[in-house]
Amino acid sequence: MKTTDLLFLAILAAGVSPAAAAKPEYSWVSANEYYMVLPAAQNLSISGAGTESVKPWGLGLRAVGHQTFAKTAGLQLASVKVDSPVAGRNTFYMLALLAGMQYTSPKTPGKPLRFTAAGLGEFGLSDATLYMAPVLSAGLLYTTEEYTSAPEGFTFDIYWRLADIDLDNVGGGRAGSLKSGLGVKIGYVFKGFWTSKEKAN
1 MKTTDLLFLA ILAAGVSPAA AAKPEYSWVS ANEYYMVLPA AQNLSISGAG
51 TESVKPWGLG LRAVGHQTFA KTAGLQLASV KVDSPVAGRN TFYMLALLAG
101 MQYTSPKTPG KPLRFTAAGL GEFGLSDATL YMAPVLSAGL LYTTEEYTSA
151 PEGFTFDIYW RLADIDLDNV GGGRAGSLKS GLGVKIGYVF KGFWTSKEKA
201 N
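Going by our numbering, the first residue of the sequence shown is number 1, and it counts up by one from there.
Take these hints with a grain of salt, some might be off.
[Stated by the list, open to error] Here are the computed lysine-lysine pairs in the DSSO-like style, where the Cα-Cα straight-line distance is at most 30 Å: (1) Lys-107 x Lys-71; (2) Lys-111 x Lys-191; (3) Lys-107 x Lys-55.
[Unchecked claim] With beta-carbon atoms standing in for the labels, derived distance ranges: (4) Gly-110 x Asn-169: 50 to 56 Å; (5) Met-132 x Leu-61: 30 to 36 Å; (6) Ser-177 x Leu-59: 33 to 39 Å; (7) Lys-55 x Leu-95: 15 to 21 Å; (8) Lys-179 x Ala-128: 17 to 23 Å; (9) Gly-100 x Asp-164: 18 to 24 Å; (10) Thr-91 x Gly-121: 38 to 44 Å; (11) Thr-51 x Leu-77: 38 to 44 Å; (12) Asp-166 x Leu-77: 46 to 52 Å; (13) Lys-55 x Gly-110: 21 to 27 Å; (14) Thr-51 x Phe-115: 30 to 36 Å; (15) Thr-108 x Tyr-34: 51 to 57 Å; (16) Leu-59 x Tyr-142: 17 to 23 Å.
It is worth saying that the hints were derived from the structure and are not from the lab.
For each residue, glycine too, the CB sits at the ideal point set by N, CA and C.
Generate the whole structure from the sequences, applying the supplied hints.
What follows is the structure, given as structure tokens:
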């Protein structure tokens with residue numbers, strides 16, 4: 001190889017290295033939780049038809065970080081069946097984006113249970129009604145992998161929605177208010193598969 005060729009390659013390598021180091025890298029989102037909201041009795045106040053007991057249930061997907069304190073966000077779809085002597089029978093749905101912060105206790109060798117707590121905002125849509133409600137939750141994560149920093153395993157959570165949700169149509173063209181109350185959900189956390197771009201150090 002000629003000296004000029006070697007010189008050209010050396011200059012090229014010197015020029016490429018800093019640029020390559022500055023390129024964005026891909027890092028895995030730690031984990032994703034798939035969960036089910038179990039039917040739990042809540043009060044639904046219906047305009048002109050009194051108060052009925054309903055049992056919302058639903059499905060959700062949520063991104064979970066591996067840090068002790070981490071951002072979390074997900075989507076949830078819930079179904080609410082109404083059976084009122086005055087308003088009649090009806091089922092309405094609630095699609096919500098949940099976003100906030102979650103605390104996960106550190107992994108302790110030999111102890112599979114980890115404590116979790118979260119503060120979330122629920123931003124939802126039901127029929128043509130937009131709503132927002134704060135939610136607090138506490139639960140347990142049963143880790144299935146002994147040596148991993150990412151949370152992975154079965155989850156059990158009890159949550160409390162702190163505000164009533166006013167809805168324009170809960171059945172028979174009547175407005176209603178889903179009262180604040182307790183709920184229960186179970187799920188499983190899988191290792192993450194979504195990626196995000198970050199600048200390299």
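Violations among the numbered hints, reported as their numbers in ascending order
3, 5, 6, 10, 11, 12, 13, 15
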